[in-house]
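**Q** Going down the list, the sequences are from chains C and X.
Just so you know, this note's numbering puts 94 at position 94 of the first sequence, and the rest follows in order with no gaps.
Just so you know, this note's numbering puts 1065 at position 65 of the second sequence, and the rest follows in order with no gaps.
Please note that a few of the clues may not be correct.
Using 25 Å as the maximum straight-line C-alpha spacing, the simulated DSS-like pairs for lysine-lysine come out as follows [to be verified]:
| id | chain 1 | residue 1 | chain 2 | residue 2 |
| --- | --- | --- | --- | --- |
| 1 | X | Lys1010 | X | Lys1178 |
| 2 | C | Lys40 | X | Lys1130 |
| 3 | C | Lys27 | X | Lys1154 |
| 4 | C | Lys27 | X | Lys1130 |
| 5 | X | Lys1048 | C | Lys27 |
| 6 | X | Lys1122 | C | Lys120 |
Because the hints were derived from the structure by calculation, they are not lab data.
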Amino acid sequence: MEKLAIEGTPKTPTINFDINSGALEIKGRSIPENSIEFYKPLVEALEKYAGKPQGATNVNIQLEYFNTSSSKCILDVFKKLEAIHKGGSQITINWYYEQDDEDMLEAGEDYQAIINVPFKMIEIEE
Amino acid sequence: MLDIYDFYDKMERNNIMLSFKGDITSELLTSILQIMESKLDNLQEEPKIKKKVYNVLVECLQNLYHHMDEVDATAVGDKTRSAIFMIGRVDTEYNIITGNYIKADNVVILKTRLDEINKLDKDQLKEYYKQVLNNGEMSQKGGGGLGMIDIARKSGQRLNYNFMPVDDKYSFFSLNIKITQ
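Bound conformation, chain C alone (with noise of 0.2 Å):
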């Protein structure tokens, strides 16, 4: 497997995983009532990946709204990530917000209290 994707529903985002690039993009809404069905095979092609990660992954988050139930998910996508990050592959989170959007920066900022990688909060016009 080369590339992870998952084209984007009115309550699921959009992933793409290209893993000979190195670049995550997770991208809309996460709001679907099992999350954990939904993000097993992104945990899995990250899984995988780790064992043989590029010099640097690139990872872009632009959520516009996630619920409870995906927040563990992306907390485990983001500990995988981690693990990644430890064995050597620069790693930068970059979160995306819109202007105004409060709610979502300090989502972000909660995931960056418990996540040891660099994370990067890009505001965006709405």
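For chain C, the structure is supplied; the task is to place chain X on it using the hints.
**A** Relative to chain C, chain X alone:
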């Protein structure tokens, strides 16, 4: 005869934008969220308040949904499979109201949890959220006890709740969340 005008009048006076009573399914949640999103767009709400209302709505509805799963999977047609949901807007204040049956045995646990959350201020809620987020526990579908904390955090208000005993086995649990600008 059912007094439909009485229903109408009460809903009108409370500015109910949308209400539903019945079994909560995944498809229903998708529809309700789509309707509410377009209503919020039509009202030209500020993005900030729109997001808060939407987020709290998602958590409240998914609480109902997951609760339906827990009650009793075999009890189809049972009254405990049914829930009520309403959203109203008075001036700039939104009211999200939910109601569902819960087992009488579970009342004390839930009440204690809600009271604990209600004791916390903004910073304490943030700390508590992070602690529960990172405690490694997850329900089968990924919940893990964050819903009510998140609702309290995002609404910035106490969780206003009530338990009404129905019979020996069940109580009716209601939650009223206010979101103001």
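**Q** Now tell me if each hint is right for this structure.
**A** To see whether the hints hold, each was checked on the structure:
Restraint check: the Cα-Cα separation between X:Lys1010 and X:Lys1178 comes to about 18 Å, which is no more than 25 Å; the hinted pair holds. With a CA separation close to 22 Å, the supplied pair C:Lys40 and X:Lys1130 stays within the 25 Å bound. A hinted pair counts as satisfied when its Cα atoms are at most 25 Å apart, and C:Lys27 with X:Lys1154 qualifies at roughly 22 Å. Restraint check for C:Lys27 and X:Lys1130: the C-alpha separation of about 23 Å stays at or below 25 Å, so the hint holds.
Distance restraint check for X:Lys1048 and C:Lys27: the Cα-Cα separation of roughly 19 Å lies within the 25 Å cut-off, and the hinted pair is therefore satisfied. For the hint linking X:Lys1122 to C:Lys120, the alpha-carbon distance of about 24 Å falls within 25 Å, and the restraint holds.
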